[in-house]
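There are 2 protein chains.
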Amino acid sequence: MKSKKSTSALLLIGGGADAVDVRYASGFSAPDPFLFVRRGEEDFLLVSALEMGRALKLGPAISCVTPDALELPPNARRDLGRQAAAFLEKMGCKKALVSPRCPIGVVRRMEKSGLRVKVLKDPVFAERAVKDPAEIRALRQAQRATAHAMKTAMGLIAGAEIGGDGDLILDGAPLTSERVRYLVSVGLLEKQFHAEEIIVAGGDQGTDPHERGTGPLRAGELIVLDIFPRSEVTGYWGDMTRTVIRGRPSAAQRKQYRTVLAAQKAALARVAPGVTGAEIHQTVCDVFAEAGYETDRVDGVPQGFIHSTGHGVGLEIHEGPSVSPAGGPLQAGQVITIEPGLYYPGVGGVRIEDTVVVTEEGCSLLATCPKRFVL
Amino acid sequence: MKSKKSTSALLLIGGGADAVDVRYASGFSAPDPFLFVRRGEEDFLLVSALEMGRALKLGPAISCVTPDALELPPNARRDLGRQAAAFLEKMGCKKALVSPRCPIGVVRRMEKSGLRVKVLKDPVFAERAVKDPAEIRALRQAQRATAHAMKTAMGLIAGAEIGGDGDLILDGAPLTSERVRYLVSVGLLEKQFHAEEIIVAGGDQGTDPHERGTGPLRAGELIVLDIFPRSEVTGYWGDMTRTVIRGRPSAAQRKQYRTVLAAQKAALARVAPGVTGAEIHQTVCDVFAEAGYETDRVDGVPQGFIHSTGHGVGLEIHEGPSVSPAGGPLQAGQVITIEPGLYYPGVGGVRIEDTVVVTEEGCSLLATCPKRFVL
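As given, the protein sequences belong to chains V and E, one line each in that order.
My numbering applies: residue 1 is where the first sequence begins, and numbers increase by one.
My numbering applies: residue 1 is where the second sequence begins, and numbers increase by one.
It is worth saying that the hints were derived from the structure and are not from the lab.
Don't take each hint at face value.
Copies of the same chain look alike in the list, so a pair counts if it works inside one copy or between any two.
Below 20 Å or equal to it, Euclidean Cα-Cα: the simulated EDC-like pairs (lysine to aspartate or glutamate) are [as the list claims (entries may be wrong)]:
id, residue 1, residue 2
1, 112, 122
2, 57, 211
3, 255, 296
4, 57, 299
5, 112, 79
6, 57, 204
7, 95, 43
8, 121, 79
The following block holds chain V by itself, in its conformation from the complex:
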């Protein structure tokens, strides 16, 4: 306890800037911001009296303290910076290590109280990128729920009739993006998964990868279905995309779909420990280039392959490692998406995405879902 180490402590803000890191390190999350402190092998949670009951259930490995014990003046009791300074002083720490996500207001307050603050690099817990067996189980459960939801979405589109004007009709009413999103969300909710941002984007809406989609779905249009729910129990995410069409695709739509599918297959085949995210991304670019698809900007609007190939999935929907030009070597146990896409206004958007775990030999899908194109 007299070692040099003991005069500095890692300080993270749970329920706020560092919510996910704190959940990872402690298993604890709460709606309002609170402090997590790690000094050497000792972990502490500074939580309000309201959270104490839940915090104590974590067991003896984490010491739980309420800020009341710090004897701060009443106007400073809810000030995380003052709490941190008072607690670290009590512990004999002179230096706080914080994540780059720590709010500047908290840092300035700590510095004013005489603490030195060192900013760590992101990610604070690099080990988060490699999942342990319990995390893989949670991710697999999430991805299975996602696949089930995807089949629901596909079933709705497949079961719709095509109206005289080309709009899809289900049970006498137009099948809209909103309606598919609602019905898919309900199925997920029943399994205790939340999906606020499901994408059901038809036609040119699907050429903007962040457009969620609105209005009636139509025959002959590419429909991008991107579902990424989070388990309210475990906090882990699933992530899957399929692209479908109702009715007869044009030659351009068919070629674009086949090319993205081939790119995804090629990328999945490359995934293995030691292979870099950059190499996998390049594999996708090569398939697209060979098929004659170019990425550029037309009237300021980007088109072609306009995002990266994939990202890590865990307690955050987007986390390390990156499968992009900046992506380093993969490791076994990492969980990543492989989601190439092509977007051309006038034709539509195609994206096909699966989430895989990197294995010693290559990779393995966390859940399967048919890649049906023409419904």
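Got chain V; can you put chain E on it based on the hints?
Quick look at chain E alone, frame taken from chain V:
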């Protein structure tokens, strides 16, 4: 443009630390972090090419720029601090004003690039606390959806049978906290509202104000129903709590309910411009004290009136002004909750909450919902 003012600019992080402030100032939100800059009367959004289409729809009042235009080296293109430094330099600004929520990593990077950084006080936009007519409409719509959801929850509990062991049974299956939460969420989803944290907490679960509740609901137990959904269209929240009981309440339960109801009435009657949040909170404390209810800690667990009387509601579920010992004078147009509660293990929890807008004369409920206790 050569004024002193033009050498400093407000810099906020949308989609991240300052997401809500940026949505308030610009009307724009996006899933990934981006920069918002205000210099004098000019507003700028620095958004990725993917978001450009949506950003341009905001109209000519906001200039939209992609970080590509900043000619950063490839490894710095996604670095918000580098983007900010490069953009402000291009604008001739030497000083960035940031919110206290700005991540320290971004601040350090800007400072390294030679910018001076001044940290503003929270809230950056104090005017957010006073709602304009469009905001009141959005909040009223949210609160109406909340009231409708509350009636659904009450109807489920009222419609349940009481099984031999006291468990509530609906349509042959136990009526659990999870089932009520699911059915209420589905109704909200249909109206495009998300409610991830609905509380349906019976018996001693209800004595922890942050416990969401699990397992079968039972006759003779106080059940706290706290519903706070967010509109996926407007981004505004509703917030309402009722406490109910199925079957016959004990004398202690009945007295506790009546006392909280009286406290809420007394607090609502005090709300008016110029009255402080502290005074309203004290009104609640006085009612509880007169009825003999004490707030203290038993075996480390707080009991009695263990939270503040209310908070502002808007684009955040908890925002200014505060209705607590720290609360200042209210203003017309502010939207606040009034939610006294009493929590005693062995008896249960009672909380009654409405959301009101402060008017010139007093206050007005944003939506009504019966206060039925015995169902």
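Status of each hint after checking the structure:
Taking identical chains as interchangeable, the C-alpha atoms of residue 112 and residue 122 lie at most 20 Å apart only when they sit on different chains, with a minimum of 17 Å there against 25 Å within one chain. Only between protomers do residue 57 and residue 211 lie at most 20 Å apart by alpha-carbon distance; the minimum there is 13 Å, versus 42 Å within a single protomer. Proximity of residue 255 to residue 296 under the C-alpha cut-off of 20 Å is restricted to the intra-copy arrangement: shortest distance 19 Å within a copy versus 70 Å between copies. In the homo-oligomer, the alpha carbons of residue 57 and residue 299 lie at most 20 Å apart only across protomers (15 Å), although the nearest pairing inside one protomer, at 57 Å, exceeds that limit.
When the C-alpha separation of residue 112 and residue 79 is checked against a cutoff of 20 Å, the pair qualifies only within one copy, where the shortest distance is 13 Å, while the shortest distance between copies is 28 Å. For a Cα distance limit of 20 Å, the shortest separation of residue 57 from residue 204 across copies, 16 Å, qualifies, whereas the shortest one inside one copy, 51 Å, does not. Within a single copy, residue 95 and residue 43 get their C-alpha atoms as close as 16 Å, which meets the 20 Å cut-off; across copies the closest is 39 Å, which misses it. Taking the shortest Cα distances, residue 121 and residue 79 sit within 20 Å of each other only across copies (13 Å), while inside one copy they are farther apart (25 Å).
Violation of the numbered hints given earlier is absent; every hint is satisfied by the structure.
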